[in-house]
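> With these hints in hand, go ahead and build the complete structure from the sequences.
Chains as they are written, first to last, in full-length UniProt numbering: chain G, 1 to 327; chain W, 1 to 327; chain B, 1 to 331; chain X, 1 to 331.
Where hints are given, some of them may not hold.
[Unchecked claim] Only pairs whose alpha carbons sit at most 30 Å apart, straight line, appear in this in silico BS3-like list of lysine-lysine: (1) K258/G / K272/G; (2) K314/X / K252/X; (3) K39/B / K167/W; (4) K272/W / K184/W; (5) K252/X / K196/X; (6) K184/W / K184/G; (7) K39/B / K184/G; (8) K279/X / K196/B; (9) K258/G / K39/B; (10) K39/X / K184/W; (11) K279/B / K39/X; (12) K272/W / K184/G; (13) K184/W / K167/G.
Hints listed in this document are in silico derivations from the structure and should not be mistaken for laboratory results. Bear in mind the structure is a predicted one, so any value in this text is a computation, not a measurement.
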Amino acid sequence: MADAKTNTEDYLQMYRQMVRIRAFEDNANQLYLDAKMPGLTHMYSGEEAVAVGICEALEVTDKITSTHRGHGHCVAKGAAFKEMFCELLGKEEGYCRGKGGSMHIADQSNGNLGANAIVGGSMGIATGSALRAKMQGSDDVTVCFFGDGATAQGLMYEVMNMAALWKLPVIYACENNGYSEYTKTDEIAAGEITARAEAFGIEAHQVDGQDVLAVNKLTTDLVQRARKGEGPFFIELMTYRYHGHHVGDINRTYYRTKDEEAEWKTKRDPIKLFGDWLTSEGIASEDDLAALGEGVRQEAADAVTYALAAPYPDGSEVDMHVFLEKT
Amino acid sequence: MADAKTNTEDYLQMYRQMVRIRAFEDNANQLYLDAKMPGLTHMYSGEEAVAVGICEALEVTDKITSTHRGHGHCVAKGAAFKEMFCELLGKEEGYCRGKGGSMHIADQSNGNLGANAIVGGSMGIATGSALRAKMQGSDDVTVCFFGDGATAQGLMYEVMNMAALWKLPVIYACENNGYSEYTKTDEIAAGEITARAEAFGIEAHQVDGQDVLAVNKLTTDLVQRARKGEGPFFIELMTYRYHGHHVGDINRTYYRTKDEEAEWKTKRDPIKLFGDWLTSEGIASEDDLAALGEGVRQEAADAVTYALAAPYPDGSEVDMHVFLEKT
Amino acid sequence: MRSITLSQAVNEAIAEEMRRDETVFLIGEDVAEAGTPFKVTSGLVEEFGTGRVIDTPIAEQGFMGLAVGAAMTGARPIVDLMFGDFLFLVMDQLCNQAAKTHYMSGGKLNVPLVLRTNLGATRRSAAQHSQSLHALVAHIPGLKVAMPSSAYEAKGLMKTAIRDDNPVVIFEDKLMYQDKAEVPEDEYLIPFGEAKVLREGRDVTLIGTSSMRQVCEAAAAMLEADGISAEVIDPRTISPLDEATILGSVKKTTRAIVVDEGHQNFGTTAEIAARISEKAFYHLDAPVIRMGAMDVPIPFSPALEDLTVPTAEKVAENARRLVAGELIHAL
Amino acid sequence: MRSITLSQAVNEAIAEEMRRDETVFLIGEDVAEAGTPFKVTSGLVEEFGTGRVIDTPIAEQGFMGLAVGAAMTGARPIVDLMFGDFLFLVMDQLCNQAAKTHYMSGGKLNVPLVLRTNLGATRRSAAQHSQSLHALVAHIPGLKVAMPSSAYEAKGLMKTAIRDDNPVVIFEDKLMYQDKAEVPEDEYLIPFGEAKVLREGRDVTLIGTSSMRQVCEAAAAMLEADGISAEVIDPRTISPLDEATILGSVKKTTRAIVVDEGHQNFGTTAEIAARISEKAFYHLDAPVIRMGAMDVPIPFSPALEDLTVPTAEKVAENARRLVAGELIHAL
Ligand SMILES: Cc1ncc(C[n+]2csc(CCOP(=O)(O)OP(=O)(O)O)c2C)c(N)n1
Ligand SMILES: Cc1ncc(C[n+]2csc(CCOP(=O)(O)OP(=O)(O)O)c2C)c(N)n1
Ligand SMILES: [Mg+2]
Ligand SMILES: [Mg+2]
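The following block contains the structure:
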């Protein structure tokens, strides 16, 4: 594995954040199965090294935009479980007071500009955030997360063109998990994804999205360069989602094999790979990691219990926040 | 100059079509200056070799889609002056019964699916026409004309992706005249235009758009290959518009120099270049060409006279053609 | 008669028309093997193949544009737009291109395509997956807009839409896909611009589009218990709108409530209420009441979302006030 | 007082607000050196530089998206959309993103941006450059919609829009850019949701948006000659809509005509007429008459185009019929 963050604390923070995402998702899935969650949700499990490798290369003041599969980005950018589960359940204490739900979840105070239920819908927002940073003379960087499927949206090319022309500090992070809903990426993406960015003069990289250190090292480098005005950049992160497209997508053998799923889960699990590296490097013992995992899972369970008991917003909130009217 | 069409008649037909476009535009411009034309229009003068080189490589059953700068494509695909001038003046005998005007002009019976006032707006239409041809098992090809400015529209990337995935018989013809309204192409297009098509696995070519034989040779080749299922293709045609962005754009030194305009008009005029070649090759004498030009200009003048005298549509037509209702 | 679900009804309509006319094809995201997320098109690819049931990349504007081009050159595409909220992505191709081509070409070209999509909240899908945007489309000349209120209507309207020579947008209610209704085995078409009177009544006319038809029917049942006789009308298409049937009813009952799941402001209730108020003016005994969805983005939280949509209780309550001669807005 | 053109008024408003607040910037196609095709923003780039007056590629959806992101992170972008017809290209960013962000984030984020664009036909620009699409935008909760009817309104509403903390869409009439009106040198703002009574009258209320205000004023002048006293109201913003002023007037005059240049079906006249009919029901002596643009794509030919738009003559004619007590739609 590549080396990026350079001290034990950083390594363990990355590991913890990956475990936190997994724990969050396991609980979210269970809430769905128990019919305790309103609506549907899209699980991030399997892709943890992407969100964590990238977000650990960012400062709180840096911005991200997220997707319909947004819990991972939200956790990685620093969100707390309680407010997240409350949001998932439509409770008043949720980050969005229950108004957003899974597809719009965001800890805005950590620079998360929001998950987005329109595939590709946040590409302009991310690029505009970078434009704002540049206009302000701040050195904030914005990372735009999106899936392989989103590369089919024309908006991406419109904003990459402007980002390239104006050298904006934005990093386009394409999470290529091999599928766009129930369709393989090959069937919906002609040519090469990185070439599409390069055609606009944007430097593009492909990286193993299961290797958190590789992701983190590349991103750390690109973030620094983007702060100096060398952006924009494009990263294609090769990864995999363990669950169905959404929690209700159970029978999926018609579009991908169980073998394929098993292969990724057993041989390319980002948490396991990184855990193995941590122990083999002597940074942590297996017991340390187990204890850490236990703690995280307990924290998640407590947050779920809290959120389940938490109140819904009062009916009077229904027409609040349509407009911001300062008085 | 490159060689494509191989007999005298074909050469003279190309020459005549270029002269016809120029004559049409000179008259259109004069109608505007004389305040006899409603609204504005965008002149094609200077770009004749593009439309003619391409359309002479097509059959009547092949389709084209056109742009706001669409008179040239319309003439090149086979339209008659009378119906065109009538359309330009909003008269009943116009191709669109006066409802379309300059920006929607089209001789539909020759496979022109219409000029379009939305920049890039016809890219889906052209690609869909190619999809239809493929579904039908016909070997018709569709050419999509658009400007360099239109490459900024996301729609282009959405449809190129599908055209490439499904190997559709469509040729994207980018008329790069160096400007998008009042802005140089460099300022609004990052990277390389042909690379953008190549990124989707589409074979792309750049060609001198002032050399009608080069354009025709390349297109003839690509059309044949597209008929065999080897499409889609992309062509960037380097050209220049002599007039302003539209007829009212008179003072344009703030965005381009008079020297630049003079340089193109005197050294790179497609009609002059081709005329010189025709005479030097002994295909036609200077007198032949002069007589041809005279004939065309007379034809245009007659059509203008006719159109000016032609009646407007009756007021009762205003709510006809909202829907097609067969009875 | 057999009962089938709305989903099956749509599926049958498409299959029958594809059998009947080889120029008909289906295009959209995951319409083939996956049969759409709502499983409405399952089985079609097996019968008609991937050449006529076409999975696309996530490029709504793009495949909408393709459909316009294919329609202009002789095909009859059915475009599947997974959520009505994605209409915002295809508006240019739909409203600037498809809707205007016949007119702009002076009648030379036409665009026979169907855009099938959906509407409806209370599915806990939040603001970008819950909108009912039919009023926007109905505002554009050159487009027809159908809103099936049951499996029966869904089949008959879909078949008519496919045979129509113009662009038609059909909004299905995404919560109704599993709802069953009696649907004849024999072929039938439902003409556009013909409202259906679902229940005759004397005292008040309830006009409900799409699933608001059920809301109105439920309200009518409640009102019956109170001795109030409500007439219930489903316009079925809002463009064209069957003004004659609606006005005829209101002239008889002298009172009307218009119920629709789109936002109330500048929405469908405005158009229908304005027409009634103008053209049945001398017959009205009370103001026409509009009941649209609240003018707020649809909230995710069930505690809030349910408040945004008209309910049978509220419709009935308003009807009682009307019939009681209460002076609504009298100040 | 000095008179300036509507174009100058908009230019002044933007310049003043850019001076006042460095987070304000302008973005769009050819807004800098070229000053837009209508020359409305000429001179701004000289004062504020290319860092704050930004020329973009022809990528409406893209720069609209950029503006949303910039607004969410503290800027106040003014987006210049060259023709109102291009709204169809930016609908997703405007309606799914900008309009809903504040609500979906539970009030945590907001999107203070202005989208300035235009409306209006009879410029011989054909169907894709002549639309008046404000009703579509007004249907979407979370958006405010302003429609200046003169240079005076254009300046005051633009300044208010720029300071508003929410997305605002301003529709200027593209035929009015050279029209002059008295505009004070001193700073002023026009609050949203406050209609203006331009002329007091007793017999009929004429409500006209944007340039239809002038049409109504001209009609009122004609009516005066006939001894009919018309009140003329310009709503100035249609969302929020100043219902109180409109209802107050109609309750006094007992008759109303609503005139707007958007298509009539499912348009602005529907909303205003429906509200009047519902809420001033007991005061009305005649049906509320709606006069929108014809429900056809805008034709190019002058012989046809001029027929599509309401005229002062027709407004006056309708007013006379109303006042004469003619039984309009009485059958
Ligand atoms: C504009 C739009 N089109 C379609 C959808 C429905 N949809 C939701 S997620 C998804 C697939 C996205 O694929 P990808 O971008 O690869 O992300 P992944 O789900 O694999 O993380 C689709 C089609 C949507 N939400 N928005
Ligand atoms: C969607 C859209 N945006 C903007 C315009 C206004 N407009 C008309 S032509 C034009 C420039 C087009 O440039 P290009 O594509 O290079 O074609 P050219 O005019 O050079 O032939 C612009 C911006 C438009 N008609 N449509
Ligand atoms: Mg994916
Ligand atoms: Mg150009």
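> For each hint given before, does the structure comply? Return the numbers of the non-compliant ones in rising order.
6, 11, 12
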